[in-house]
Each structure stands twice: as structure tokens, then as C-alpha cells.
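Colleague: If you want the building blocks of each chain, they are given just below.
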Amino acid sequence: MKVRILVSLKDIVLDPQGQTVKNALHTLGYDFVKDVRQGKVFELELEGVSRQQAEKKIVEISDKVLANPIIEKFSWQILE
Amino acid sequence: MKFGIVIFPGSNCDYDTLYVLKDVLKQRATFLWHKEHNLENVDCVILPGGFSYGDYLRSGAIAKFSPLMQEVKEFALKGGLVLGICNGFQVLLELGLLPGAMLRNKNLKFLCQHVWLRAENSKTPFTNKVEKGQVLKIPIAHYDGNYFAPPQTLEELKRNDQVVFRYCDAKGELSEEANVNGSVESIAGLMNKEGNVMGMMPHPERASESILGSKDGRYIFESVINYLKS
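Respectively, the protein sequence lines represent chains D and A. If you read the first sequence in my numbering, its first letter stands for residue 12, the second for the next number, and so on. If you read the second sequence in my numbering, its first letter stands for residue 37, the second for the next number, and so on.
No wet-lab data here; the hints were simulated from the structure. Take the hints with a grain of salt, since some may be wrong.
Below, in silico cross-link-like pairs of lysine to aspartate or glutamate (DMTMM-like), each with a Cα-Cα straight-line distance of 20 Å or less [said to hold, decoys possible]:
no.: 1; chain 1: D; residue 1: K75; chain 2: D; residue 2: D42
no.: 2; chain 1: A; residue 1: K142; chain 2: D; residue 2: E54
no.: 3; chain 1: A; residue 1: K168; chain 2: A; residue 2: E110
no.: 4; chain 1: A; residue 1: K142; chain 2: D; residue 2: D46
no.: 5; chain 1: D; residue 1: K21; chain 2: D; residue 2: E56
no.: 6; chain 1: D; residue 1: K84; chain 2: A; residue 2: E110
no.: 7; chain 1: D; residue 1: K51; chain 2: A; residue 2: E110
no.: 8; chain 1: D; residue 1: K21; chain 2: A; residue 2: D180
no.: 9; chain 1: D; residue 1: K75; chain 2: A; residue 2: E230
no.: 10; chain 1: D; residue 1: K51; chain 2: A; residue 2: D180
no.: 11; chain 1: A; residue 1: K159; chain 2: A; residue 2: E230
no.: 12; chain 1: A; residue 1: K142; chain 2: D; residue 2: E83
no.: 13; chain 1: A; residue 1: K229; chain 2: A; residue 2: E110
Some, not all, of what chain A presents toward chain D, calculated at C-beta under 10 Å [what the hints assert, rightly or not]:
no.: 14; residue: R64
no.: 15; residue: F146
no.: 16; residue: L147
These stretches of chain D come out as covered by chain A in the derived footprint (C-beta under 8 Å, 3 or more residues) [as the list claims (entries may be wrong)]:
no.: 17; region: 15-28
no.: 18; region: 75-87
What you are looking at is a predicted structure, and each value in this text was computed from that prediction instead of being measured. All residues carry an ideal CB built from backbone N, CA and C; glycine is no exception.
Excised from the complex, chain D in its bound form (with noise of 0.2 Å):
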């Protein structure tokens, strides 16, 4: 089973690379780009779980390591 999982600072968070990268985007005349918010991507590969532990485990893995509650959210997908 393929997962990938979000995990990107939390709206009330300023994010300096997103900005930067906005103001990249506006320089290179992409003037319609509003805002950008930069996250990291992680796909993990399970095995031996069913798809229901594994909806609990997810978000057991990404509260407890992948993100950081305090300044990012998550948010996941089972690819297949």
C-alpha cells in the first residue's frame, strides 16, 4: 500500500520559502499567482496492515514524527 502525506506550515505560520518563491513568480511575470505555501511531501510504502489500520497509523506517524503540530498540518492520501 502507497501513501503520501503532506505536511505544510499551518496558515497562521509566516512561511519566508513560500514567499520567496511568490516573489520569484511575480518576477518572472506570473502576476497571477496569489500566494504560495511550501511543504514537504513524503510517500512511505506499508505492508501487513489492513487499509483501516493504516488510516489510524497515518495519522499516528505524521502527529507524532512527520509534522510538528505547534507550526504544520497534515493531510494524506492512499495512492493504491
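With chain D's structure known, arrange chain A on it following the hints.
Modeller: Frame of chain D, contents of chain A only:
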């Protein structure tokens, strides 16, 4: 009295800290390997600066799972003195022994320079040798030192007098310019509510001899020695 300096893969201020404690301040100090389960009866644990685990995932995020950190957590919860310097501060935040988190510096640059710090609380085991409001010159060297805490946490920090150091100018004034990394409310160092765990981004071990441009960092170590003696 004995100090223990934890070494993680990627720590790089471990020897500097040991040198200051042993050679400059004539104290007993030992290294503690992160894979061990034994704190060797030390009286103060220091988590040194560096890049534990290459700062992979987030600064300090992997180090918090090192076997020895469980002992450090128990030691801290029992009232033992723990000082986190730079990456050590980041580990303490990730471990939850101190509140808040670190973001990338506001200008997205690695900052390696001397800064001025204003002591906000002199009644702590780590700052009893300085006066409240005293300005210290100690260097920083970090990429992720932009301290962040949600509003309610900040209120609590201030209410309990947990902010120990703020970035300031040479006169002790706060300003956006002096707050080099963009930390919320210019916070450079803070402690837990109980006062036995402190984290600071500046490196006192790099400012403990005049030949290095400042010996203000000694105040921190001398305060701990003073506290443990009494």
C-alpha cells in the same frame, strides 16, 4: 558537581562545551553518547549545538527519539538541570520540555554573528550571575532560530516569567533590526515553568574567553555552578 554533554551524530559544539567547563572553569564534565541509557549521575545535562542527524526532517526532530533522551526527559521532570544550546534548544522544543517551535530565519539566511542579548530574568539557575536588564554579547550560528509560539503560549510564558533572553541592540533596546532571526517578541532563550530547563539559541561556549571577542557566555555556566553549589 558533574556536567554531562550529550553527543548526537552531527553535534559539533560538544568539544567546545567540554573545553569551557573543564579547562576554563575547572569543572568535572563528561560526554554522554546518545545511544546509552545512563546519565552517569551528572548534576546538569547539556544538549550542545550542532546539526543532530543533519537537521533532517526538522531541526532536532530525530534526536528526540534517541534512547538517552528518555532518561533526559525523566531527569528534567524530576527537577534536574538541563541546558539546551542552539540545536540543543531545538531538541528540547521537539521533545516538549519547552513550549513552542523553531521556524527558518526571517531572511532565509544562515546567521553566524555576535548578537546582543538582554537578560529578562536573573532569578534562574542559569542566569543568577547576571542582573535583570544586563546586556550580553554572545554569538549565534543557526538557520532555524526564528522562535514561534501561539498567542496563548506566549501569554503563559510572560505570565510565568519564562522568557530569559531577548535579542536587543548594544544599549539593550529591542527593535526589528536587532531581532535578527525574526523570533516572536525577540525571544532568544526561555525556560520551562519550573525553571530547571532552559534553551537558548546563542552559544555561550563560544564566548567564554576574551580572546574569542567576549566572555559573557561564562555567566551562564557560572550561574549553573553557583546554583549547584548552594
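Colleague: It remains to establish, for every hint, whether it holds in the given structure.
Modeller: Do the hints match the structure? See the list:
Of the pairs offered as hints, the one joining K75/D and D42/D is violated, with about 38 Å between alpha carbons and a cut-off of 20 Å exceeded. This hinted pair does not check out: K142/A and E54/D have alpha carbons roughly 29 Å apart, beyond 20 Å. The suggested pairing of K168/A with E110/A is violated, with an alpha-carbon distance near 30 Å, which exceeds 20 Å. For the hint pairing K142/A with D46/D, the CA-to-CA distance comes to about 17 Å; that is within 20 Å, so the pair holds.
A threshold of 20 Å between alpha carbons decides the hint, and for K21/D with E56/D the separation of about 26 Å lies outside it, so the pair is violated. Distance check on the hinted pair: K84/D and E110/A sit about 29 Å apart at the alpha-carbon level, beyond 20 Å; violated. Proximity of K51/D to E110/A is assessed by CA-CA distance (about 32 Å); at most 20 Å being required, the pair is judged violated. Of the pairs offered as hints, the one joining K21/D and D180/A holds, with about 17 Å between alpha carbons and a cut-off of 20 Å not exceeded.
Distance check on the hinted pair: K75/D and E230/A sit about 25 Å apart at the alpha-carbon level, beyond 20 Å; violated. With a C-alpha separation of about 16 Å, the suggested pair K51/D and D180/A falls inside the 20 Å cut-off, and the hint holds. A distance of roughly 12 Å separates the Cα atoms of K159/A and E230/A; the hinted pair therefore holds under the 20 Å criterion. Distance restraint check for K142/A and E83/D: the Cα-Cα separation of roughly 17 Å lies within the 20 Å cut-off, and the hinted pair is therefore satisfied.
As the CA atoms of K229/A and E110/A are separated by approximately 16 Å, the hinted pair is consistent with the 20 Å bound. Contact between R64/A and chain D, as hinted, is not supported at the beta carbon level, the nearest pair being about 36 Å apart and thus beyond 10 Å. Violation of the interface hint for F146/A is found here, the shortest Cβ-Cβ separation to chain D being roughly 13 Å, above the 10 Å cut-off. Given hint, L147/A at the interface with chain D, is violated; its Cβ is 13 Å from that chain's nearest Cβ, farther than 10 Å.
Under the rule that three or more residues need a Cβ within less than 8 Å of chain A, the assignment of the region 15-28 of chain D holds, with 6 such residues. Under the rule that three or more residues need a Cβ within less than 8 Å of chain A, the assignment of the region 75-87 of chain D holds, with 5 such residues.
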